[in-house]
Amino acid sequence: MDNVKAIVLRAAGINCDLETEHALELAGATADRMHINRVIDNPAMLDGYQILVFPGGFSYGDDVAAGKILANQVVHHLSEILHKFIEDGKLVLGICNGFQVMIKTGIVPGLGGAGKLSLTDQKVTLTDNDCGQFQDRWVYLQPGTDRCVFLDADKRLYLPMAHGEGKIVADSEDTLAQIKNHGFVAFRYVDADGNYGEFPINPNGSQDHIAALTDSTGRAMGMMPHPERCVRWTQHPHWTRLKDREGIADGMTIFTNAVNYVKENF
Amino acid sequence: MKQWRFEISSKQGFLDVHGKDTLEDIRQLNIESVEDVISERVFLIEADFEQEFAERVAVELLSDPVCQDYYLGKSDVPAGPMPATLIEVHLKSGVTDPVAESVKSALADMGATAVDSVRTARKYVLLGNVSDDERDMIARRILANDCIEDVIFGTDAEPPSPHTEPYQMTLTEIPIRSLSDDQLMGLSKDMDMFLNLKEMQTIQAEYQKLDREPTDVELETLAQTWSEHCVHKTLKSSVDMDHDGEKVYFDNLIKETIFKATKDLNKDWCISVFEDNAGVIEFDDEHAVCFKVETHNHPSALDPYGGAATGIGGVIRDPMGTGMGAKPVANTDIFCFARPDMKLEEVPKGVLHPRRVMKGVVAGVRDYGNRMGIPTVNGALYFDDRYLANPLVFCGNVGLIPREKCFKNAQAGNLVVVVGGRTGRDGIHGATFSSGEMTHEHEDIFSHAVQIGNPIVEKTTLDTLLQARDAELYEAITDCGAGGLSSAVGEMGEKLGVEVDLEKVPLKYAGLSYTEIWISEAQERMVIAVKPENLDAIMEIFNAEDVEATVIGTFTGDKKLTLRYKGTQVGQLDMDFLHEGICKYDREAKWETKKLSEPVLADKDSYNDDLLKILGSYNVASKEWVIRQYDHEVQGASVIKPLMGKDNDGPMDASVIRPKYDHDKGVAMSCGMNPCYGDIDPYWMALAGIDEAIRNLVCVGADPEKVAVLDNYCWGDCTNAETLGALVRASQACYDGAMGFGTPFISGKDSLNNEFVCDDGTRIAIPYTLLISAIGLVEDVNKCVTMDAKQAGNLIFAVGQTKNELGGSHYYKVNGELGANVPQTDIKLAAETAKRMHQAINAGLVRSCHDCSEGGLATALAEMAFAGGCGIEADLRGLPAADDCVKTEAMLFSESNSRYLVEIEPQNYDAFAKLMLNVPFGQVGEVVEGTKLTISDVNQNVVIDAELSELKKAWQEPLDW
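As they're listed, the protein sequences go chains B and Z. Per numbering that gives the first Met the number 0, residue 0 is the first one in the first sequence, and the count goes up by one each step. Per numbering that gives the first Met the number 0, residue 0 is the first one in the second sequence, and the count goes up by one each step.
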């Protein structure tokens, strides 16, 4: 299909919805920003979209824990429709706070089954950065799987992160092994040459350097860094140093892959 | 109702970040007895659900299943070999608790509807042999703030009740007509009005004329409206100035200096200046930008976190309340503190340690700004021990507004609607409090002046107001800031008259009197004027996103302010008297040129140590620890970020954003401030600030022909003739600078009386502090440049003349001197240089450009080199220097204004030189391979020879917390 439609979910405290809408449109989708109250009023509206994005921000102030209140709201009001959305082969992307919501609803890594939302089965979480503070800095991301539709398996990305609770931890070594072995790790933090390292290369102390997770379908992904903040060259921190600036806006990879996937499969 | 208590702690094996942080802070207090700190979160919920549901709440909502444990009830002291001390910190009753509101709505999502109250608290378990004194000190100095929080110790103590007493209305009249002068002043003091005798007499005369006594709410309204904070009495007064024996007279100081420059310049791109909540200038054919910077000093001294958070929250509401409402697109924050490594015993009673102030202020701005989703792109930190008791917190915001929405038009018959947060007892008397000086007793007396913010309420208010603006559903808007509703509604109704029914104002809790409702400075509130026929439509927008909006009154047309409570009239004031009745002041000012001399410092073979010391001085050192905590990239508009360069850690001169996704036009922001020069002469200090702010903008590519500036004065007690004399000098410089650069002032604010009286009677006054904030336009952001050196083989030029001007410099400072030769500005040459530099950048001739200011040439070269990861070989023979600038130290470290360092590719030399014709410029070096900065003096002796890694380390270390 040519007319790819994306819905960007807003809620109190969400603040990256405009730039996420813009990035999706640059990639060729038609994007609508929608308040969660409207979706709860009329869940069936999701039928008209192929891509759902939980954007970044501080939903409900990140009170209690990042993304927790919104996750609670999503599970209590939208579990069924989201399950159907994912079963229908559609795409779900969570960025930063959106990833926090996706992990706390269980959408990623989806160990309870793809698209099964739950507040009680959570085995992986995002918690306080090791450095104890919110950090805004740029990070290199190495793809960890070839079965996630949002990424190019051989393309390392350079993107900004901006969060205080982005450290991935699993409840056990078994869970961590399961995530790794099933190819649920979408991106890991590395340096410019692809090597692992401590802070600031791994900016939050995530286990196994994990920056992004997908599920068993490869069509849902949550990531801490912000691809929507690197969709044109003047957003790149080295742009004034580079004479050849074409193609440095790595964030477009994520959105273009999503839109192209829908074009090819719907 | 059942009382449920939930304790949430980190699971064994998971890092307790907050506990770790607290332990570090305890170590800073030199308390060694605490071995470890466990931090927990406590939720107190009054609701009628059962045990099973409570367990669900704990598992599904309040704890993280992976990394947290929960406990239902009150847990015992942890077992183990080490003694444990329990401390719980609760909010005082009535203090806003944002988490509680979110938890309530989440409980509703879970199906629990009958929830009476939710409160949160923090619990700390200190492990180790902690004495009672140490425990109290830790609680007071680190864990809790007396202004807003109660501390309870041990397992038996009960938290403060969440419930407040209901209010029984009694109409209070204050007899004033027959009071003596002494009694009038007593009344002003007892009511915290901060009005002087002349003002009290004016009020007395008015009521004698009216033949009645005022009500309490009338007096409070007058005190708010006439406060220094709201009307800027000092800057508007007439001044007799004695400058070294020469008399100068101003009928109205600000009108004849700052306002006059704007008027005389009469730039057609200025849309609204000094009228609205922010100054407005053209951006492009469709949009304008507005800019406002405010201070929030006194509240930040008492509660650094809350004070700074509401400082940024408040200034964001200024663009939101400008014209018909702008969309905030960038924040700027400038702070002044005492040295953060000051010894504990040097801190007087009633004053918080500067490190705690700094950490709290940064965290407050971080948490509010980040949650609002507005990038904090610009800022500065300045350290001087005279800011110990009066830290300065400047918060600014830039907004984008459609050209046709730049003006408001409230009409008689419009409804007064308050939107956003509820009103509570927080922030009572903020406006009057911030107009006075501080004493060691302020901590106790003015705790109620501290406001607590809830950024998410402000964000949802903003989201919905922009929709309502675009649907044209209201006629006017303003923010509730200092003075609360009394100022907001009073100002909006100034030309019309307004009636308000105070009981309709939604409250956070019961118990507020009609006066408290009227003057509360509770945050996150906006006031709009709505035509009755638009009410339903606008309410639908607010309801759709859970934003509270309430009609509280009507604009009338009778030019009176009428206040009612449940049908009873509690106050009525004539708008003319309220807004025009304030008396005018005549003041005396005096300035004597200081008799200072230049020190004689011995010549040295190497200035490496001086350079390292300057780079490592707090004012010059890297501010990365602060910058990284701010989200400076949200909204996806950043072009020049605060830190860029090879390793993303070079200090940029100004920030640029590209606020519209489909246009390459940019907005640049910068600031200039140097209180140290003010110790020699505030005139040159102010000019240096203007020159620096404009220069910073030019460095990144902004057009100096279209720059607007804001003034923020923070001064001491201006009833002192010398202090006022310094203010006059600075204002004269503002006029001269604005005229010379063609740069109008578009908005400003002053905060006076920044003095502190210690319990032993010693008085600490801040240095004269004038912050100049500049905003400029960049025609095409793709042409912006940064300051990091780019490529070996490129040439480095110095543009602008270096003079023998080490007075007030960092070089003198690290050598314990002040000096006399303060940098002066040749405004005409400065403006011409800025213009040429812009032409060169616009022509694409410049690879990098850096402002040469604090720390002089050597510091600027070092920063360019380590930011770019490129070596630089410099040679002072090529430096364009004045005849009196012969000593190497002056060439290296003089802080002469209007200078730029520029990197040019060799093939562009001719074109660049042509543009610089008749402007002082010369080649001072070359970018080279390798990892060193070397500088040779005019005799070809190498006077600086340092590894970039060593320079960068010295620069990064001091504030790398």
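Keep in mind the hints are simulated off the structure, nothing from the lab. None of the values given here were measured: they were computed from a predicted structure. Just so you know, even glycine gets a beta-carbon here, dropped at the ideal spot from N, CA and C. Hints should not be assumed to be uniformly reliable.
No more than 25 angstroms apart at the CA atoms, straight line, and that leaves these computed lysine to aspartate or glutamate pairs for DMTMM-like [stated by the list, open to error]:
1) Z/Lys-952 - B/Asp-192
2) Z/Lys-73 - Z/Glu-54
3) Z/Lys-645 - B/Asp-170
4) B/Lys-122 - Z/Glu-54
5) Z/Lys-103 - B/Asp-120
6) B/Lys-242 - Z/Glu-51
7) Z/Lys-622 - B/Asp-129
8) B/Lys-154 - Z/Asp-573
9) Z/Lys-122 - B/Asp-129
10) B/Lys-122 - Z/Glu-6
11) Z/Lys-10 - B/Asp-170
12) B/Lys-242 - Z/Asp-108
13) B/Lys-122 - Z/Glu-51
14) B/Lys-4 - Z/Glu-34
15) B/Lys-122 - Z/Asp-68
16) Z/Lys-342 - Z/Asp-383
17) B/Lys-242 - Z/Asp-283
18) Z/Lys-622 - B/Glu-79
19) Z/Lys-91 - Z/Glu-51
20) B/Lys-122 - Z/Glu-853
21) Z/Lys-407 - Z/Glu-490
22) Z/Lys-19 - B/Asp-249
23) Z/Lys-659 - B/Asp-249
24) Z/Lys-404 - Z/Glu-778
25) Z/Lys-952 - B/Asp-190
26) B/Lys-242 - Z/Glu-704
27) B/Lys-115 - Z/Asp-108
28) B/Lys-242 - Z/Glu-6
29) Z/Lys-558 - Z/Glu-579
30) Z/Lys-952 - B/Asp-129
31) Z/Lys-645 - B/Glu-245
Sample of chain B residues lacking proximity to chain Z, with all beta carbon distances greater than 10 angstroms (derived) [unchecked claim]:
32) Asn-41
33) His-82
34) Val-168
35) Arg-187
36) Asn-256
Going down the list of hints, with the structure as the test:
For a cut-off of 25 angstroms, the pair hint linking Z/Lys-952 to B/Asp-192 stands: about 24 angstroms separates their Cα positions. Using a Cα cut-off of 25 angstroms, the hinted pair Z/Lys-73 and Z/Glu-54 holds, with the two alpha carbons roughly 15 angstroms apart. For the given pair, Z/Lys-645 sits about 38 angstroms from B/Asp-170 by alpha-carbon distance, which is inconsistent with the 25 angstroms threshold. Taken as a hint, the B/Lys-122 and Z/Glu-54 pair is honoured in the structure, with Cα atoms around 19 angstroms apart against an allowance of 25 angstroms.
Proposed proximity of Z/Lys-103 and B/Asp-120 is supported: the alpha carbons are some 23 angstroms apart, at most 25 angstroms. Distance hint between B/Lys-242 and Z/Glu-51 is unfulfilled; the C-alpha atoms sit about 64 angstroms from each other, more than 25 angstroms. A hinted pair counts as satisfied when its Cα atoms are at most 25 angstroms apart, and Z/Lys-622 with B/Asp-129 qualifies at roughly 20 angstroms. Under the criterion of a C-alpha separation no larger than 25 angstroms, the hint pairing B/Lys-154 with Z/Asp-573 is inconsistent with the structure, at around 70 angstroms.
Taken as a hint, the Z/Lys-122 and B/Asp-129 pair is honoured in the structure, with Cα atoms around 21 angstroms apart against an allowance of 25 angstroms. Taken as a hint, the B/Lys-122 and Z/Glu-6 pair is honoured in the structure, with Cα atoms around 21 angstroms apart against an allowance of 25 angstroms. Of the supplied pair hints, the one linking Z/Lys-10 and B/Asp-170 holds, its CA atoms being roughly 10 angstroms apart against a limit of 25 angstroms. Restraint check for B/Lys-242 and Z/Asp-108: not satisfied, since their Cα atoms lie roughly 53 angstroms apart, outside the 25 angstroms limit.
For the suggested pair B/Lys-122 and Z/Glu-51, the alpha carbons sit about 22 angstroms apart, so the restraint of at most 25 angstroms is met. The hinted pair formed by B/Lys-4 and Z/Glu-34 fails the criterion: a straight-line CA distance of about 56 angstroms is larger than 25 angstroms. As the CA atoms of B/Lys-122 and Z/Asp-68 are separated by approximately 14 angstroms, the hinted pair is consistent with the 25 angstroms bound. For the hint linking Z/Lys-342 to Z/Asp-383, the alpha-carbon distance of about 14 angstroms falls within 25 angstroms, and the restraint holds.
Distance hint between B/Lys-242 and Z/Asp-283 is unfulfilled; the C-alpha atoms sit about 28 angstroms from each other, more than 25 angstroms. At roughly 48 angstroms between alpha-carbon atoms, Z/Lys-622 and B/Glu-79 are farther apart than 25 angstroms, so this suggested pair is violated. For the hint linking Z/Lys-91 to Z/Glu-51, the alpha-carbon distance of about 30 angstroms lies beyond 25 angstroms, and the restraint is violated. At roughly 52 angstroms between alpha-carbon atoms, B/Lys-122 and Z/Glu-853 are farther apart than 25 angstroms, so this suggested pair is violated.
With a C-alpha separation of about 12 angstroms, the suggested pair Z/Lys-407 and Z/Glu-490 falls inside the 25 angstroms cut-off, and the hint holds. The hinted pair formed by Z/Lys-19 and B/Asp-249 fails the criterion: a straight-line CA distance of about 36 angstroms is larger than 25 angstroms. Simply put, Z/Lys-659 and B/Asp-249 have alpha-carbon atoms about 20 angstroms apart, close enough for the 25 angstroms limit, and the pair holds. Among the hinted pairs, Z/Lys-404 with Z/Glu-778 is consistent with the structure: their alpha-carbon atoms are about 23 angstroms apart, no more than 25 angstroms.
With a C-alpha separation of about 21 angstroms, the suggested pair Z/Lys-952 and B/Asp-190 falls inside the 25 angstroms cut-off, and the hint holds. Restraint check for B/Lys-242 and Z/Glu-704: the C-alpha separation of about 28 angstroms exceeds 25 angstroms, so the hint is violated. At roughly 19 angstroms between alpha-carbon atoms, B/Lys-115 and Z/Asp-108 fall within 25 angstroms of each other, so this suggested pair holds. Of the pairs offered as hints, the one joining B/Lys-242 and Z/Glu-6 is violated, with about 56 angstroms between alpha carbons and a cut-off of 25 angstroms exceeded.
In summary, the hint linking Z/Lys-558 to Z/Glu-579 is supported, as the alpha carbons are separated by about 13 angstroms, within the 25 angstroms threshold. Between Z/Lys-952 and B/Asp-129 the CA atoms are separated by roughly 23 angstroms; this keeps the pair inside 25 angstroms, and the hint holds. Taking the CA atoms of Z/Lys-645 and B/Glu-245, the gap is near 18 angstroms; set against the 25 angstroms cutoff, the hint holds. In this structure B/Asn-41 is separated from chain Z by more than 10 angstroms, as the shortest Cβ-Cβ distance comes to about 13 angstroms.
The beta carbon of B/His-82 sits about 18 angstroms from the closest Cβ of chain Z, which is more than 10 angstroms, so the claim that it is off the interface holds. Listed as a non-interface residue, B/Val-168 fails to keep its Cβ farther than 10 angstroms from every Cβ of chain Z; the least gap is roughly 6 angstroms. Every Cβ of chain Z is farther than 10 angstroms from the Cβ of B/Arg-187; the closest lies at roughly 19 angstroms, confirming the non-interface assignment. No Cβ of chain Z comes within 10 angstroms of the Cβ of B/Asn-256; the nearest lies about 19 angstroms off, and the non-interface call holds.
Hint check: violations occur at hints 3, 6, 8, 12, 14, 17, 18, 19, 20, 22, 26, 28, 34; the rest are consistent with the structure.
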